[in-house]
Structures are given as C-alpha cells and as structure tokens.
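**Q** These protein sequence lines map, in sequence, to chains A and B.
Throughout, the working numbering is defined as the position within the first sequence, counted from one, plus 443.
Throughout, the working numbering is defined as the position within the second sequence, counted from one, plus 443.
All clues given are correct.
So the derived list for chain B, only partly shown, Cβ under 8 Å to chain A, looks like this:
(1) Glu515
(2) Ser517
(3) Trp616
(4) Met617
(5) Glu675
(6) Gln1064
If you're looking for bench data, these hints aren't it; they were derived computationally from the structure.
Remember, predicted model here, so these are calculated numbers, not experimental data.
Beta carbons: idealized from backbone N, C-alpha and C, even for Gly.
Number of protein chains: 2
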Amino acid sequence: MNNINNNHKIEDATVKLDCPISMPKASGFLWNKRMVLQVNCRGYVNAQFMQPEPRKYSYAPNIEEKTFIQPEHSYFSHHPGRFFYIKDEDQQQSFSVPYEPMRVKLAKFSFVQSASEIYWLIEHLELKIKISLSLTANDVVERWSLSVENLRKGEGKRNISIYPYFSIGYMSWMNQSATFDEQLNSIVATAVTPYQKVEQYFKNKELKDKTFLIADKKPTSWHTNQATFEGEGGLHSPDALKFLQLSNNDARYETPVAIYQYRESLGENQSVNYQFLFGPAKDNTEIAQIRDRYLNSSNARKAQQEYDDYIAQGKACLTINTDNTEFDDFVNHWLPRQMFYHGDVNRLSTDPQTRNYIQDNMGMCYIDPTVARQAFVLALSQQHSNGAMPDGILLHAQAELKYINQVPHADHCVWLPICLAVYLNETGDVDLLTTPIAFSDSDTPKLFSEHIDLALNWLVKATDHRGLSLIEQGDWCDPMNMVGYKGKGVSSWLSLATAYALNTWCDLCEEYGIQIPLNKLTEYRLAANTINESVNTYFWHEQWFARGITDNDRLFGTVNDEEGKIYLNPQSWAMLSGAASAEQQQLMIAAISEQLMTPYGVMMLAPSYTKMVEDIGRITQKHPGVSENGSVYNHAAIFYAYSLYQAGENDLAFEVLSKILPSKALAAKSGQLSIFVPNYYRGAYQQYPEKAGRSSQLFNTGTLAWLYRCLVEELCGLKGGNGGLYIAPKLPSHLNKISGQRMFRGAIIHFIIEKSTQITEIEAYIDGEQVVDNKLTIRGNNATYQLSVLVPAHD
Amino acid sequence: MNNINNNHKIEDATVKLDCPISMPKASGFLWNKRMVLQVNCRGYVNAQFMQPEPRKYSYAPNIEEKTFIQPEHSYFSHHPGRFFYIKDEDQQQSFSVPYEPMRVKLAKFSFVQSASEIYWLIEHLELKIKISLSLTANDVVERWSLSVENLRKGEGKRNISIYPYFSIGYMSWMNQSATFDEQLNSIVATAVTPYQKVEQYFKNKELKDKTFLIADKKPTSWHTNQATFEGEGGLHSPDALKFLQLSNNDARYETPVAIYQYRESLGENQSVNYQFLFGPAKDNTEIAQIRDRYLNSSNARKAQQEYDDYIAQGKACLTINTDNTEFDDFVNHWLPRQMFYHGDVNRLSTDPQTRNYIQDNMGMCYIDPTVARQAFVLALSQQHSNGAMPDGILLHAQAELKYINQVPHADHCVWLPICLAVYLNETGDVDLLTTPIAFSDSDTPKLFSEHIDLALNWLVKATDHRGLSLIEQGDWCDPMNMVGYKGKGVSSWLSLATAYALNTWCDLCEEYGIQIPLNKLTEYRLAANTINESVNTYFWHEQWFARGITDNDRLFGTVNDEEGKIYLNPQSWAMLSGAASAEQQQLMIAAISEQLMTPYGVMMLAPSYTKMVEDIGRITQKHPGVSENGSVYNHAAIFYAYSLYQAGENDLAFEVLSKILPSKALAAKSGQLSIFVPNYYRGAYQQYPEKAGRSSQLFNTGTLAWLYRCLVEELCGLKGGNGGLYIAPKLPSHLNKISGQRMFRGAIIHFIIEKSTQITEIEAYIDGEQVVDNKLTIRGNNATYQLSVLVPAHD
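Just need the whole structure built from these sequences, with the hints factored in.
**A** Printed below as a string of structure tokens:
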C-alpha cells in the first residue's frame, strides 16, 4: 500500500505504491506549461499537449472523441501506455514492466511519484530495473530512462532482450504510418489530422502531426506495426517476441507503435542504461532539435534541473509540522504542487471557466501573487460593461468558449470580491484597486474597484421580485441547468453567495480603506441583509435551507423531496453570508451530520437522484453518488469546512477538511495515492455503500485554494490584514501543537502554536514579547520572526 | 480459405471461411432499414442503428468519436464483440468461440455468411457448437442462437459452463450502469447520452439509451461489470472464469458488459440451445415487447422468415451461368444483395451525398424501379430553381448536411441524365418525364424533364472562359478540394462528364421521344462538342488527358508531374463523352495498362502522392495507395470498364470488371470474403507492392450500379430501349457461353448466349425465329421468352 515519505524538502517528497494490483487506477501526474501526463502505476499514460487546444500524440486504438478530462478514467488493454518487455533469452522467460501488458507477478515493485519525476523500482528474474519519467521545463517531450542490472551471481553472462513499447495508436483515418529513421535513431510516426473543410487545412498546417520515439542507443531491431507485432499472441504475449529479432516492420496506413529491441549480454552486477524521448513534432528537423537538446547525459541532467526548478516554483507560503506526517507531507508538498498546476497552467485549458480561473488564481496568491494579480486584471478586462462576467476567460487570441462555457451561468461575478480578499490578505496591495481596466465591449477603462462595483450591481439586479438570484442555466453547480432555464427559477445558494460577496467587499473596503462612496457601503450591506432575509423567508424549511425555487415555482431541497432532500452549499453559504442564526446553524449542522456526513467526507446532497427531474436538470441524470449528484464533491466540502471555521466549529471543520485529503488509511477504498485532492470521492453512501469513497482520480478541482486558505487563515490562524498579520489559530481538540513557517509579504515567520491550559485567550509572542492585539506588524522584506502562539486548551 | 458455395438459389447462397487467422478482418454484414452490422469472423461486431442519426448500443471501451464508417477498420482486444466462453469443468479447460478473445486454436472452425444469416460451426474439446446471428425485418435487435452438443463417447455426463459475453462498453460519462432484471430475464444497461445544452435534453429524451441482452433461459449466474469480470487475468483469461459461478455483479458508473453463465451437464450426443436478443431500447417496457415479439421458438421462426423475405427483396433482374461459379455466385447473389442494401437503406445515412443517392438508385432500377423513381423525384424536389443540385439529399425532416456534404461539389447535376438512362432502359416509363416537381426554393413545380434541362444548363454555365467546368471544392473526387477553391480551377473530368451528360440526355430524348424543343437538342449537342474540343485543346498532353488546371493556372495529371502523373477518370470519360478519337483511345489505354493496371485492378491515379500539393488538396494528403490517392478505387475502375465496353474493348473491359470482384484466388492478399465489392483495394502498387491488393473492408461504394449495368447491358448485352430490348452481348474472348434469366418490364427472358464461328454478326432467336434488328419487342407482363443469341467467335 502507499507509503508516504515524510521528508519535508519539496524536491524530496515522494509517495510510493508497492503493488500494481491493489489500486489499479492509482496514478501520478507531471506537467509543464504545454503538456500534462497522468501516469498510472501499471504503465498506462494519458498525455495531452496544447497546440493550442489539447491534443494527443499517443492515441487510443480507435478514433477517440475530443472531450474534457473525465472522472474515473477507464483503462483497457490497448489503452495508451509505455511498457518494456524483458525476455531472458537463455531461459525463454518474459515479463513486462512496469506491469502491463503481461501482468506477470513481479518479485519487487514500487511506483514512486516525486515532485518532478515518476519512477518504478522493480526486481524480477534477478534483474533490477529502474524506469524513470520526467519532463522538460518548456518542450512537449517525455524524458524516459531505463536501467537494467543483472543481479544473478556467478553464472556468467546472461542474454536478455529489452523491448520498449510506446503506444502510438490510431492517429488518423486520412494518413498514418511509421518507420525507423536511422539518422535520427528514432521511430517516426506520421499522420495528417483529419479534416474536410479547406479552411481547416490552413489551421492544421502547423500542427505537430508526427510522434517520435528517439533512443540514445542504436537498437538491435525495431517494429512499428501494432497488429503485426502483436499477432495472435495478443498484447500480453506478442508473436514478435517469439523470434530472436524484431522484423523492422513499417506501418503503412496501419496502426503505428514504437518498439525497439536491445539484445544485451550482462555479467554479474553489470547494467545497461537507455534514454528515450517520446512526443509530438511537426517535422524531422524538430525531432533532431529535441534530440540535440535533451538526449545526451549532460543535457539530460540540465533538462532535469530546469524541470525541477519549474516544479519547485510551486512552493507556497506555509510549511507545517504536526504529529501527523502524512498530513504535513500533503500540506507542505502535494497541495502546493497541485495548486501551482492549477494556477500556473489553468488546467491546460484555453478557456477556463471564469469561476475556476478566479479561484485557481486565489490559490496562486499563496504561491506567486503577481500571477494572480495579472489574472484578475485579465478576467476583468473580459467583463461586460454592464458588470456581467463571461462564462470563460479566453487565454489567447484563437481561444473560444467550449463545452460547459457555452451554457449561461449566473454566478461568475460572485467570485471576484471573494478571491480578491485572499489577494489583499496575502499582499496588502491596495494599488491593484485603482488599476484602470477596459471591458470586453468598451475600451473606456474603469478602476479595478469600479469593476467590482459593477459586478456586484449586476448580481443585485439579477434577482426576481423577491430579491432572490435568478439561476439561468446554472450557478456554481453547472448541471443544475433546468431550475431556471425558462427565466424564473432562483437559487438559494447564489442569493447567499451574492450576500456574502457584498459583505466581503464591504469588509475589504473597511479593512483596507478602499475608496468607495460611503453610501455604497451602506447600500451593499443593506442589500446583503435584504437577500439574507429573503432567503430566510423563502428557503428556510424545518431544519435547513432549500436549494432553489424552480421555474415551476417549486421549492426543492427539502424533506418533502424524495431525492435531493438536502444540499450542502446553501447551508455553508448561509453561515458565510450571515443568513443563518446561531440556532439555525446548529440545526443545519445536525442535519448535515446525519444526512450528508460519511467516512469519506461530506456529500453535496442526499439522497442522490436516481431519475430525471425536469425542473432541476442534468444533475439529476448523473449517476447517483458521482460528480454533483451526491458525491463527496470536495469543492463543496471545503466551502463547508471554511464556513464551519467562521462559525467557530473548529473540530468539525478540521474533520471535514481532513477527509478531503486522500489518505493511506482509506486508499484501499479510494484507490488513489496521496498526491492530489480528487474532485470527488463517490458518495450516495446510503444508496451504494460499497462504491462510496472511490476517488474520481481527477486532479482538476476548485477545492485547493479554499483548502489552503483554511490551513493558512483558519487552522494556523495566520491571516493577513491591513498592515500586518492577524494571529488566531483554530486548532481542533485533538491537535495540541503545530510548528512551521509562514512566508508573508516578504517576511519569514517561524512559528510554534501550542495549546496551553494556563490561558483563556490566544497569546502571541515574538522573541518573548507579547504581540499587541495579536496582530503582527511586518517590518519589511526578508525580516525573520520567531513567533510563539499559545492557544487556550479546553478539556 | 474461403470456399464459395455454388448453389444458385439466393436464400441458399453461402460463403464460408475455415480459419479465423488467415484473414483476421474478414467479415460479413446484415442490415435492415434501421440498423447495420459488420460482423468479423473472429467475433468482433460493428453495429449501428438509426435514431435518426447513426448510434451505437455496443460501444468501444473509451469515448469514441461519432464519425462516418472508415476503411480498413482496426480491431483490438476490447473492440465490441459477441463471444461465448466455454469451460469444461471436469477438465478445467476453457476456450472461447467464435475465436476471440481467448484465441484458442479450435479443432474445427467455419464462419459462414448466407443471405440473411451469419453463423459459425465449431468443434472443440469434443463439443459441437453452432452460433447463429440474424436480424428482424423491422426492429433494432440482434437475434443470436447458440447450440452446444457433447460429442464425447461413453464417458457419462460432462459438466460444462457456457458464458455468453456481449460487449456493452463505455456508454456515457454522465451515467452508465447495468444489472440483471429477473422479470425480463435480461441484463439491462442504462445510460444517459452525454450533453450539456438544455435544448439537447429534449432532443435526447426519446433516445434508446439502454442496452439489453435478453436470454430465453434463466442463467445460473451473471455479471455486468467489465473490469471485475476480467480482473488481472485479462479478457483472454478472465478471473471470473476461475470460480464455479459468476458473482452477479452490478456495474455502477463502471463499464458495463452483459455476461451470463449456464452450467450444464451433457450426456453423449446431448445438446443445449439458447436464444439471445441484443440491442438498444428506450425502457423496460420496450425490452419486454422485444422479448415477447421474438424470443420463443415459433416467434423466432416467424422473425427469421420475415427477415429472409426482406433480404430476398434484393433480387435483381439478371441471373447468369457461366463456367465460373464463383463469378456467377457473386453476380447472382452477392452483388444484388449489396446493391439492395445501398438502394433500400441509402447506406443508413440521413443525408446521402447526392451523387451516391442517385447512383445507388440507379442500382435500384434493376431491383425495384418504383423505389428509384421516387428517389429521383425526391432528389429533384431538393434542386435549386437555378438548376444546382445540393450536396446531399435530406431523407427526413431533422436531417442535416454533415461531414463532406458541407463542402461544395460541382458534379451533382451530372448524374441525373446518366442514371435516368438506366431507369428508362429498365422501365420505358417516359411518364416520369412529365411529372411536375417543385424546388427547394420554390413551390412552383416544373416537369421532371425541365428539371433535367435546368441541371444541364447549370452545368454548361458553371464553366470558365474556355468552356471548362469549374471544380469549386471538389467534383466526383471529394478530396480534390483545392484545385479550384479560389474560384478559378477547372476539372477535365467534370467537363467531360458534362459533355457526356448532355449527350446522354440527347440520346434519351431521341430514343424515347421525350418532348423537348428541337433547338434545345441541337444546342446540347453543340455544347457537348464544344466542351470536348476545349478539353482536347487544354488537357490532352502527349498520351492522355490531364486531370485539371488549378487556381494557379497549373495543368496537372501529366508526365510533367512527379506524382499523380496519370488519372484514370479523365480517360474513361473522354471515351464516354466522345472527346477521345480512336487513336487517342489506344494511346490512353496503353498508358493506363502500363501505369495504372495491377494484379488487383486498375488504380485511379499513379504514382500516389506522398506529400501535400497545395493546389490539388486533401487527396494528396491521404496515405499513398489508400482511397482516392491511387488505390484500386472500384468506382473509378468500373467507369473505366463501362467506357471500355463503349469502345468495344470487350476483353479489357471484362478484365477490369472481374478484378473489381473479390476473389478466392486473391483473398489472402485482399483479406476479404467474396460477399461484397469493397470501395477500394490498396493501390500504390509500384510504391508499396506488399500492401497492394488489400481490401478496405468497406462495403459502401458507388461501384455496384455501374457494375450491374455492365453485366446487364454490356456483357450480356440485354439493354432496354424504347419499346423493347436490344440484344448485343459483348463476351470476352475466353468466355464462350452465358446462359441465364433476364427480367425485363414484367417479362422473363431465359437466354443462352453462345459463340459461333458460323456467323459474322450477332444473331438472336426466339423459339427458333430470328429477332429483327436484334431488338426484342416485349408482349407484356408475365410473358416468357426463350432467347438464343449467337455471337461471332473470333479466333
């Protein structure tokens, strides 16, 4: 099972899996600005690169649909992968590493993800094998290495054959072929991206339609014809391996593959090493450039260093030590790494959904706030002058709104002040607020703060006669698309989020002295109150807030519903917006604990829908317990944790937060390694208990920034404010001490937070001197502090 | 190898393959008006049904792109299939039939296609197995039966388990699941077709999103979870088979599959039989209806009879006996069957390309001219009042132009008079010409003949200053899309086809006394001559006609080109249009024989392009030797054969024609059974000789109607005319006799055509009396004739 290393240097953090069978979908991932790979422990790989839209260079065996990344990705024998067959020629025994496609039980196996590398350590038939994969900082190329060492004692030379097998797959019905190019020492597969309209020809002209596998050593033989290689034996026992040498076969309008054979003779403890470069290219010139840039060992070291440096940029502002090394490792290494992936490359989308883009950049505030600053400015430059935000942010000139971004959602404005809060807390950079920015439909710029005003005004206006927010074809919950598609349906969550956004903006203006007319503040506070009251009037039902009122004027998300009785989001946000009284909060929390809490986290609704509800929409058609239809949808779970912290429910908040993290203890159930937060764990806990807890294996999620915010601002209670850092840790009962480091506006704060039975209020000390009002004023760049915080212990 | 039965009753015609390895892509096909299946000899199936656009119910293991049917379809282990695992429980031995996925060498194997059934006869481990598949006349359901008989002598009862395995595959990322329904005795997989826009919900609402496998016998156990069934053993050795019983597993947002287990105990010569129904349904009510309609044995017999009757409608007007039973079988059974598939269901497209639709219905003239009549009227009702024909004919209200039909082609008008000729020849129905028909853009009807005039006028106008036809973004050759996309490029073929269309119309008017103004006829003849002259002026180059002049004013398809030196179509159509003199014809034929002729047929151009030519287009980007880029593209080959017949080149015509038919002798190369004409055999014979001759395995092709026309009107020389049948057989040198039957305008003509050294002109006799002018006047319906034809023998 997965064994989490607790080394705290980011570059050394590793997560290891010692068995290819127990968690067959367990995977790691690597990326740079131009590509991303999800690599499964058994050797399957899902790779895509941007040119500018996501494309493949290692394809399925059939014509796959171009689609966004799906949860619970399914594997099958001819799924794209990278394998190495190994044959002991003396004993006529074969196996494949890392595991697929022969699936021979290996003497030793481990699959390891480090920050910037994925590797396998394998022993079998007295051969010691290391396979390693890394990327480059800037190119679209997989850098593979393989070493094989003979461990057999005193029997002289062993004759083995090693066959790297890299899937290329069905490239194109127009043209696909492959052969070995001796000059490049590379297999080169050539295709023409299929098209029919002449204008597409010019668009496709610059595409990287070739796939190469460059080798550093001349192979004994090669093969590029998938069907012929496999023969009747099948991928698990290919015919071609029965012969002494491969037949150097071309693929000519036949499914290509890249296979080499290396025949080696190894004495005791003797080893061989290979380097392979795999990726797409436009032409042979580009392949030669890639080879020259990365192939020899000094270039490879340099490339690795550059890639390490790139990944190392994903350090965030907090490092902690608790008594739980698994937790610490995740917080210190894997969470910032995943958050950096989101913030730096925007999930490798050219049109990220506006709410994702803003929240992903909220995470970036903890890593590199200058990136977040630019992103907020870019997002606002695509705002309509009426205040409305678009459904997606276009990141380059050719980008267009695709998939879900073609469906009108009503919530995008909400995220602006909320995420701005994190930016200001981290930077204190109020200058941003006076930056002039134009609009999508007008070149006349307005100040950043005026853009926020417009967004809030738009939200306040986008309400019905009761002051409730119209949901259009979705709010945060994308597939809730038929509640209001006729123009009448309203969302409790969106109403509450609007109130919270208004209050947040007012809080920010007050905290940071942002210049907006005083009557505006009063107006916004009033509007928030009015919304909160209206939500109470129309949505409070027995013990919790309902989810919406549909076009048919039907209240839903109450005990009167057979399915979808209770939704998590309205409760969380009623706590944030101020709509819920202390008494209501307790009722809601009790209902959530009873109906939504599971061993795997808190579900976003229950019971999951099992049939279409035509005035709710697509969410009710998703599989029960999957995605928005009642999974432990971590983005919603972290909203709940954050709101619990605001309500002072520190124990419950920490419980909800902890369950979001993948854990060793639940890995057998989740099937996932502790290297990323998945977008969901299966829910429908009452309906399908045996499937509950299973990870989506999908590492794109809006959870991260909020999770990090909870850790920084709530758990450790080291939250930025105007001119300093507020100190107010919220340790759960069972946690007595956290030490660590907080980077804040250029300063380094070494902290120890400890429980004490001697005090009743939090006390903070710098070098033995108590901090006034628990607000630490920062002296400036590179200042270092030793902060000691005492927290009252309740027993 | 394939062994062609020479039984001449259509319902008994069979083609058999005795090995699953020698031709792994060999396949048969079955269809009705709502579905089509291509069934591979090893158990893989490609099925689609119309609702109204083509959809699947047995899917790939990943999200496949919806696309038109591709040539040289590729298979892989998890390709959708229908298999039966069989386990001898006493001896713990397993195998699978028909062959996949275990690929155990079977003691006896045969794969058989009959007109309305596909079946396998297998023996292994002393078990005799028959698997059979047929369809129904009207529903979307596969009707499977399986029988297993114990052949082992004197060892008492044998315990075996039989496991039907029907792929369901990855149905949907929104929702997919499967379980066994006891009431229906059916596995039912449920999915929601993925969508994101609300309007799509209403479109999708009536889709058949369930897949069922109904069984006639209660299974011992069942399984619906693909990954769990397979386990680490893989599809070729699934874990679930290692246990006494399957575990009755659901699939819950997991890839579904339909598997039963039947544990049986069989004495000597004892057998068991099963019936299975597999297909899509909207809901369980529909599944119950399908079960009630087809499951029990009397219903099954009735269903088979209805389906036999449906397929038997695919009888055409000619039956022949030569000394070549393989040839006769193909002409008598398989060709009409395939032609009927094209004409009756229009390749299961809702927007057939106009030229395909018209030519497919030209084939229907030989089977059921009333269908062709309606089709011509429908096609003309979608003509623009300026004479232009659309790129596709919409067959129902929701249909829209897709794929290649969104690209403007200039040739669609050409096919009207050409195909009308066949209709008139077969029926003499000149009344059609005076049928009033409206236009796509005008409700004011014009006569059928006026529509033809408009089409011809449009063609004559769509020419440049030289009188050459502008090619727009393609003519008959779809991917020749950049010759004229800037508006200047012209096509020699289209110019010649225009001339031929003009002459054909004039010939028809003269033959059938069609009423059009006399000056029109003169005008059309003149226009044809002018075009022919212009083609000679601008395209004749050394020994043949070039293919076009591009937007860049570049002549191509000549010796000056490195690739694409010579194209077949301009030569064929220059013979048809009258552009080529006798001397030119001989030069062209010699060049074709030298450069385009191969053992597998005549290529459509040579050498195949190996790189993009930007003023020719997409054809040059296709793989060399594949599809239009220099394959033996049978549609072009049959044009050549037809033109050779017009030129009196009977031997060469027959040779070209014969090579179009799949043959036993070349099956090892083509990989195809003799049950359909493929759209191409690989060409690029000089460039890739080892791949040449391979079949596309694609049974959609415009070849058929022309092939049949050659057989009826040219080879047998029994061509209809005004008031009778012209008798002018064109036997090749090596063929001395053809006997057979010709159905013609309600009469039945039994004929014997024989060579005679005694004569110098063809002589025809009815009951010993010579037919005047070799034109047989038909007395009317149900008349029967004994026709004897003597053909001069040259020695």
